[in-house]
Amino acid sequence: MGIYHRPGKLKDALAVLATTGARPVAGCTDVFAATEAQDLRGDVLDVTAIEGLRGIFETASGWRIGAATTWRDIVHARLPRAFDMLQQAACEVGGAQVQNAGTVAGNICNASPAADGMPPLLTLDAQVELVSERGERVVDLAQFVTGPRETVLQSDELVSAVLIPSKSVHGHSRFLKLGARKHLVISIAMVAVRLAVEDGKITDAAICVGACGPVAKRASALETALIGTSAEGADQLVSPAHLKDVLAPISDVRGDAAYREAAALELVQRAIADVLEQVP
Amino acid sequence: MISFDLNGQPRSVDVPLGRRLSQVLREDLHLRGTKVGCDAGDCGACTVLVDGAAVCACLTPVARVAARKVETIEGVGVAGPSALQKAFLRHGAAQCGICSPGMVMAAEALLRSNSTPDRDDVETALGGVLCRCTGYAKIIDAVLDAAGSGAGPEPEAGAAVGARVERLDGVAKVMGREAFGADVVPDGALYVRAVRSPYASARFAFGDLEAWAAAQGVRVFTAQDIPGVNCFGVIERFADQPALAEETARMVGEAVALVAGPKAVVEALEWDAFPVAWEALVPVLETRSATDPEVKLLHAARKDNQLIAGVVRRGDAKAALDMAAHVVEGTLRTGHVEHAYIEPEAGAAWMEGEVLNIRACTQAPVLDQESAAKVLGLPKERVRIRPAATGGGFGAKLDLSVQPLVGLVTLLTGQPSVMVYSRPESMAASTKRHPAEMTAKIGADADGRLVGMAFDGAFDTGAYASWGPTVAVRVPVHASGPYVIPNYDAEARAVHTNGPVAGAFRGFGVPQAAALQEQLFDQLADQVGMDRLAFRRLNALSDGVPTVCGQELAGVGIGACLEALQPRWDAALIEAAGANASPRKTLRGVGVASCWYGCGNTALPNPSTMRIGITSDGQICLHQGAMDIGQGANTVIAQMAADALGMPVHQITLIDSDTAVTPDCGKTSASRQTVVSGKAAVLAAQSLRAQILQLGNMGAAAEMSLSGGVLSLRDGAARRDIALRDLPEIAHGYVLWAEETYDPPTEALDENGQGAPYAVYGYGAQLAEVEVDVALGTVKVLRITAAHDLGKVINPLLAEGQIEGGIAQGLGMALMEEFHPGKTENLHDYLIPTTGDMPEVVSHLIEIPDPEGPMGAKGLGEHVLIPTAPAILNAIRHATGAVLAQLPARPDRVLAAIKAVMS
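These protein sequence lines map, in sequence, to chains A and G. Take the first sequence: its position 220, counting from 1, is numbered 220 in my numbering, and each next residue is one higher. Take the second sequence: its position 564, counting from 1, is numbered 564 in my numbering, and each next residue is one higher.
Extracted from the complex, chain A is given alone in its bound form (with noise of 0.2 Å):
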């Protein structure tokens, strides 16, 4: 049995990651579901009680969601929105029960291909800060991720927030989860897309695929393809050419390869036609 580390300074919780390579842990969501225990085995480092680790606020940059912000938090904050995207995404992690303690970053963390905070980040440009007894260095969330419970953490660092930049905190966006059932659901796919317009036309897409390879995706042909054009009908001009880059799926119990595919192009031009009707 190792040793639970709880701190209620940052600077404590470097101390324990230099010295013990302890596992930070926050919601527990995934630590415990991944396990038949009773007990967390070795050394755990528990970030719930690190003082100004938690809650989703305004910076002069943008914004910042602290490392131990719960799903249930960012339900209830009040947001621009860009961030719809997000909080429709906080309510389909699992049940309230799994909202209430799962945790914005422990989600990225975990580094599922399948998390449904991936989608909504990326789409938010949304990169992670990560704290050390080293320093400190910022690093995008596209890079963050390096595939299937792979991320570029290190042993001694923790991450302590996920930052949005102010300029992607712009325009109307919207998040679909597909699933074979309602509720408490991994994703066959999911999309998020953030799309701002003036004058009639999109001046502004961010669109992300999950579930549909090793790590959510942007799909940057079919962004480039969107700015500029007509917000009229949009949704009408996505194409498989535009997801190719983006779609890696495979065949699972949920469903098929070609299935998640032809879902993923319908997902994301219904996002597309949600967001646009929402435009004024």
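Certain hints may be false.
Listed below are the simulated DSSO-like cross-link pairs for lysine-lysine, each with C-alpha atoms no more than 27 Å apart in a straight line [as the list claims (entries may be wrong)]:
no., chain 1, residue 1, chain 2, residue 2
1, G, Lys899, A, Lys182
2, G, Lys296, G, Lys823
3, A, Lys244, A, Lys201
4, G, Lys899, G, Lys441
5, G, Lys585, A, Lys182
6, A, Lys201, A, Lys167
7, G, Lys318, G, Lys441
8, A, Lys244, G, Lys899
9, G, Lys899, G, Lys780
10, G, Lys823, A, Lys182
11, G, Lys585, G, Lys318
12, G, Lys780, A, Lys182
13, G, Lys585, A, Lys244
14, G, Lys585, G, Lys780
15, G, Lys69, A, Lys9
Source of the hints: derived by calculation from the structure; they are not laboratory data.
Knowing the structure of chain A, use the given hints to seat chain G on it.
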């Protein structure tokens, strides 16, 4: 040391900080109202409130609750049921009760922040808690009515049958006081875990078990330690399953050894180091390949890996089909379906003198007793089965689970023992619904009258026999549906593979067969050019017309069920057509399907014995040995007994099933308890009443009451009081008592399956309205209208609960449930419906009395699941034209089927 406020009291515990809160509550603080269903946040059974917010206790490290406020089910309604819990009782929201504490806590969290939630709010708030029994509607109704008042009726003598009586055993369930398999741990119990095969087929050899056990401080037991016959089975003639495998494992999850020791030691073991060497063999995974001559036999004596074949033949099906004006033909493939009760198997054992006591969740106490005695080499009298409250069964808890394993450990060590399956272990080791590969051909004449049907099905029974023989025999009897088919040829074979043991699951293979037959009926009706409901009404079985087995029945209710659906059918078709008139990405469809189902064993003896007695101080005791696994036997059988006796039902004390105390009521299977045990209860109560009337010299119409130990009889002007304490105690502690046995009359089937396989059948039909997303292949079931003929409705509240729950399982089977060994042993990869997946269910309870059933009653428990999947499939086809060749109708399969018809 962690200190927190628990239900308003300060508590401190000295436990590892990273321990699951659920474990701390249950095992360190002995508060076992919080249930554990998965240890993964997938089921919500362990929901507690931390500072008012609902969380899964299984996902919460206890360190996290330091100095916070924790509330559990024990803190709700301390002085008796709270208003919310009373609403649960009033609405019939608890069936087995294993999810009730989690549901109550999740609802509690909602109601504190929103005292007037709407249906969507409740559905969302409870979306994180799974229930496998109820179909959720009554739970949601209860939460919406939490501010309401009142209670179910407490009917007077003679008025219990037909009343919406609240479950007699409900209070403990909604209060979290019901003690399930894992909720009683004898002092000093050894914790038992099984070592299980990771391979579908493997040879294995143990290393130095003694050295390993000594080093770890545990005991290890293998097949060599089994003192009796290491071979059990639910049907003795086909018994083939070892309690612990010998040299070869035939399926993933098969137990090969037991480890027993102190809890902390067993929990800390590194299982990878257990000294066993596996040699993986090539498994047989499909029935198609299982019968190839070059494929090895799983059981040497079973040629072609075939366990058994069942046939029913009547007339000349081939000739009839050759000459039929209209013929359709089709195939359907179904997969493994998991019972997914929220309570994983669990139990304990201890010695009382020479008698081995086993307390575990079960559907079949006497079968457990006989099987455990055989395996352990004990006379039956030395094994006492004291069933735990059972948190759902649906067929799989008919088979042995922990019973021989804890029994072995306790017998050999003399120490009490306890074993609680983990969720993955439960899903790997328990039985499944038989996967089926079926083909059928059905013909009708020019007017739409059925002339003939041929059916062939291979049912994958897995590694061991279990209930394979029952499935093989039941399917041909029922594959016609409740229709008149003069020429019929049906065969079903149970075939061994190295898949999971397929056993009993609500319907014994009939739901699979009905899913094909009812789909073909739609195609046939279309070909004939008839309305699909009219086609069914035309061909519905009626009194005195022979079934495919040549049995002539009375009280046949299918016609009445189909008739009851007509108004909604007409309206639904118009509504769907209206909705589909404008171009959209969703299409509405309407489908209908029927069921019939024989209650009890197929053409075999199937008795139940009931005892009822009155003590000298005036307690009326009903020895109710029919296991109530949530379906309601405790309540409906008491209602019947009360009316037969002539006393109020709430004056009856239930004596729960216990092989030392209750006579054998057989198994809770085959929808037989209301019919068979119910009739035994009626006969016993009538016999007791006759004794009393004779004692009082009163006529048959006399009224009876019992108060203060005095039995008062009144018949017109005549009155007579009997002071019970003046009567001698005759037996079992009773001054008056009776015991009666009822065995439903059946007739053996001949070589063509002709005979009278069941004494009583039940009937039903369901109408599904669905919306299919034609671009995504997803299916939303909007409404199911269900008409079921119960013969006599004993308790409408409980009957509706059975219907709603059966529909939930049928919906799951139709749309999402698919078990893959080694891949889906959890409740997030294996999906069952959540609150948000259930349609509105409108129930019509039909009463066409059965001449044999008690008070006219028929069975219901399995019937309710059978029509659901085919009604949904027929609605999908109606909406889109798509025909599914494989279940479940996952979105990818639906979309592929839609594309296939469009191209």
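Structure-based check of all given hints:
1. With a C-alpha separation of about 24 Å, the suggested pairing of G:Lys899 with A:Lys182 holds against the 27 Å cut-off.
2. For a cut-off of 27 Å, the pair hint linking G:Lys296 to G:Lys823 stands: about 25 Å separates their Cα positions.
3. Between A:Lys244 and A:Lys201, the direct Cα distance comes to roughly 25 Å. Compliance with the 27 Å bound is thereby established for this hinted pair.
4. At roughly 25 Å between alpha-carbon atoms, G:Lys899 and G:Lys441 fall within 27 Å of each other, so this suggested pair holds.
5. The suggested pairing of G:Lys585 with A:Lys182 holds, with an alpha-carbon distance near 19 Å, which does not exceed 27 Å.
6. A hinted pair counts as satisfied when its Cα atoms are at most 27 Å apart, and A:Lys201 with A:Lys167 qualifies at roughly 18 Å.
7. The suggested pairing of G:Lys318 with G:Lys441 holds, with an alpha-carbon distance near 10 Å, which does not exceed 27 Å.
8. Annotation: proposed proximity of A:Lys244 to G:Lys899 holds, straight-line Cα distance about 22 Å (limit 27 Å).
9. Restraint check: the Cα-Cα separation between G:Lys899 and G:Lys780 comes to about 19 Å, which is no more than 27 Å; the hinted pair holds.
10. With a C-alpha separation of about 21 Å, the suggested pairing of G:Lys823 with A:Lys182 holds against the 27 Å cut-off.
11. A distance of roughly 43 Å separates the Cα atoms of G:Lys585 and G:Lys318; the hinted pair therefore is violated under the 27 Å criterion.
12. Distance check on the hinted pair: G:Lys780 and A:Lys182 sit about 10 Å apart at the alpha-carbon level, within 27 Å; holds.
13. Pair hint G:Lys585 plus A:Lys244 holds up; C-alpha atoms about 24 Å apart against a cutoff of 27 Å.
14. Note on G:Lys585 and G:Lys780: the hinted pairing holds, with a Cα-Cα distance of about 13 Å set against a maximum of 27 Å.
15. For the given pair, G:Lys69 sits about 23 Å from A:Lys9 by alpha-carbon distance, which is consistent with the 27 Å threshold.
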